[in-house]
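Chains as they are written, first to last, in our numbering: chain A, 1 to 242; chain B, 1 to 252.
No lab work stands behind these hints: they were computed from the structure. Heads up, a few of these hints could be off.
Said to hold, decoys possible - To give an idea of the interface, some chain A residues facing chain B are shown, with a C-beta separation under 10 Å as derived from the structure: (1) 58; (2) 89; (3) 98; (4) 99; (5) 113; (6) 135; (7) 155.
It should be emphasised that the depicted structure is a prediction, and the values quoted were computed from it without experimental measurement. We put the CB at the ideal spot given by N, CA and C, even for glycine.
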Amino acid sequence: MDRTDPIIELKGVSFAYPGGPQVIRHLDFALHKRDRIGLVAPNGSGKTTLLHLILGLLKPSEGEVRLFGRSMRGEKDFVLLRTKIGLLFQDADDQLFNPTVIEDVAFGPLNTGKTREEALAISRDTLHRLGLSGFEDRITHKLSGGEKQMVAMATIVALQPEALLLDEPTVGLDEKTHKRLIALLAELALPCVIISHAFDFLSATTDRILTMENGRIVLDEEMRVHIHEHAHKLGSKPHRHV
Amino acid sequence: MIEEVFAVGTSRIHRVDPRHRVVFAAVFSVQTAIGKEPAALILALAAALVLVLAARLDARRVLQRSVPVLAFLMLLWLVLPWTVPGRPWLTTGPLSASMEGVRLSWQISLKSISILLALMALTATMTAATLGHALHHLGVPEKIVSLLMITYRYLFVIEAEFTRLWRAAKVRGFRPRTNLHSYRTYAYLVGMLFVRASDRAERVYAAMRCRGFKGKFYTLAVFPAGRDTVWFSLGMSGLAIAMAAAEWTATV
Ligand SMILES: Nc1ncnc2c1ncn2[C@@H]1O[C@H](COP(=O)(O)OP(=O)(O)O)[C@@H](O)[C@H]1O
Ligand SMILES: [Mg+2]
Chain A
1 MDRTDPIIEL KGVSFAYPGG PQVIRHLDFA LHKRDRIGLV APNGSGKTTL
51 LHLILGLLKP SEGEVRLFGR SMRGEKDFVL LRTKIGLLFQ DADDQLFNPT
101 VIEDVAFGPL NTGKTREEAL AISRDTLHRL GLSGFEDRIT HKLSGGEKQM
151 VAMATIVALQ PEALLLDEPT VGLDEKTHKR LIALLAELAL PCVIISHAFD
201 FLSATTDRIL TMENGRIVLD EEMRVHIHEH AHKLGSKPHR HV
Chain B
1 MIEEVFAVGT SRIHRVDPRH RVVFAAVFSV QTAIGKEPAA LILALAAALV
51 LVLAARLDAR RVLQRSVPVL AFLMLLWLVL PWTVPGRPWL TTGPLSASME
101 GVRLSWQISL KSISILLALM ALTATMTAAT LGHALHHLGV PEKIVSLLMI
151 TYRYLFVIEA EFTRLWRAAK VRGFRPRTNL HSYRTYAYLV GMLFVRASDR
201 AERVYAAMRC RGFKGKFYTL AVFPAGRDTV WFSLGMSGLA IAMAAAEWTA
251 TV
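Bound-form chain A, shown alone:
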C-alpha cells in the first residue's frame, strides 16, 4: 500500500437489491488515513448498504471497491482484508452469537490465527478498555440492549482493526456508556465512518459530516444548517459547530 492510498475507495459504485430500486448510484467515496467521517441521512437512504458494499458483503452491480490501495475483485480479495476494517452492525444481535461474552470477543482473534492464550489476553484487555470487566462469563443473549451494543463494539476492537465502520453505535446507550464510547474512539484514533443520528456524538467523534442523497454521498450546505439548528435546540448542552 502506498502511503497516500486511501484506506477505502469506492469508484462509481452502483447497487440495487434484487427486484428493488437502485439504492446506490455511481457513488464515489474515499476514506484516508486521518479521516473521521460522520454520515447522516434519513432512514432508507442506503447508509447500511454502503458499509456492506465496502466490505464486500454485497456485490456492486458496477464500479470498483478498493481497500488499502488494492482493487477488490471478489470474495477471495475481501477475505484477506476484511478483518482489518472493523464493522459494527446496526443490530448488535447480528453480531453476538457465542454463548458467553468472552467467547464472542475471542471469536475474531481466534479466526485470525491467534493462539488460545493470545486470544484470551486480547479479549480480556479489550473488555477492560470498554469498561466491561466482569462481563466475561455473562450470557450474550441475556444482556441489555446497551450492553449488547458495547460487547459488539468489543468484538470489533478485539480484531485490532486499522479503520472502523460504525452503523448507529449509540442506539440504546445510556449517558455514561455514551461518554465511554466517545473516549474509546478518541483513544483508538482510527480513521472511521460513523453512521448516527446523534449530532452531539458525531461532533465529538468525527471531523466531517456527509450525507447521502439519491444514492450518492454529498456534503451539502442544508445539512450543515440542519446540524446547527439541531445543536441549538439541545439548549445548554455544549456543542461544536461543524
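Chain A is already provided as a structure; the job is to place chain B with the ligands on it using the hints.
Below, chain B with the ligands alone, put in the same frame as chain A:
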C-alpha cells in the same frame, strides 16, 4: 427459550474429556437401540440413571425435557399392545392385548428413556461449541461440523424472531381461537418467521465473515485430562461389555 441448561457444571461428568463422552454416548446409544434382552436394557437404564446422577442434573429440568418422549411412549402404550398380533395377555371386551405387543412396548420404552437420559448426561453437559470441537477432533469432516454448529446457532435466531412476532401479535390483542382470522394470523406469523429468519441468518453470517470466519470454529475450551476421564472410560467400556454379554448369553 432454548437454553443450554446442562452445559455448565462442575460434576464428575462435566470434568470428563468431551471427546470420550461423545464416543461413549454414541456406543451406548447404538448398543441400546439394537439391544433386545431385558437384562441388557435394564442394565442400560440403570447406567443412564447413574450417569444423570453423576452429572448432577436438576431433576425437574430432566423431567421437563423428557416430556415429549414420555408423551410419545404413552401413545405407544395405547396402541401397540392392542395391535401387535400374538398370544393374548389381557382381554377387555372385544380388545385383547398381546404378550408380544406388551414386550415390544417395554423394549421401546426402556430404550428411548435410557438413550435420552444418557445423551442428556453425556452430551448436553457440554456447550454446542465444545461438542463441535470434540466432533472435529474425532475426525468428523469440517463441513458437517460447521453445518451442525450453524444450524444450532440459527435455531436460537429463529426462536428469538418467533418470540418477537408472537409478542407483537399478542400486544395487539391477538388470542388464538378456531376461526379463519386465527388461522390466517398463524400463516402470516410462520411466513414472516421464515422471511425474518433468513434475513437474520444472512446478516449473522456476514458478521461472522467480518470477523474472519472461514468455516472453521475454534473454542476457548480446553479438553480436561484427568482421572475422571480414565474412570469414566473404564466404566463405560465395562458397561458396553456387560450389555454385549447379556445379549450374547441369551442367544446361545
Ligand atoms: N436485504 C434487503 N433486501 C431488499 N431491500 C433492502 C434490503 N436491505 C435494505 N433494503 C432497502 O434498501 C434501502 C436502503 O437501506 P439501508 O441501506 O438499510 O438504509 P439506511 O441504513 O440508510 O437506513 C431501503 O429502501 C431498504 O428498504
Ligand atoms: Mg441502516
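Hints versus structure:
For residue 58 of chain A, the shortest C-beta to C-beta distance to chain B is roughly 9 Å, which falls under 10 Å, so the interface hint holds. Contact between residue 89 of chain A and chain B, as hinted, is supported at the beta carbon level, the nearest pair being about 5 Å apart and thus within 10 Å. Interface hint status for residue 98 of chain A: upheld, as the beta-carbon distance to the closest one in chain B is roughly 7 Å, under 10 Å. For residue 99 of chain A, the shortest C-beta to C-beta distance to chain B is roughly 6 Å, which falls under 10 Å, so the interface hint holds.
Interface hint status for residue 113 of chain A: upheld, as the beta-carbon distance to the closest one in chain B is roughly 8 Å, under 10 Å. Residue-level restraint check for residue 135 of chain A is violated (minimum Cβ-Cβ distance to chain B is 15 Å; threshold 10 Å). Because the closest C-beta pair between residue 155 of chain A and chain B is about 6 Å apart, less than 10 Å, the hint holds.
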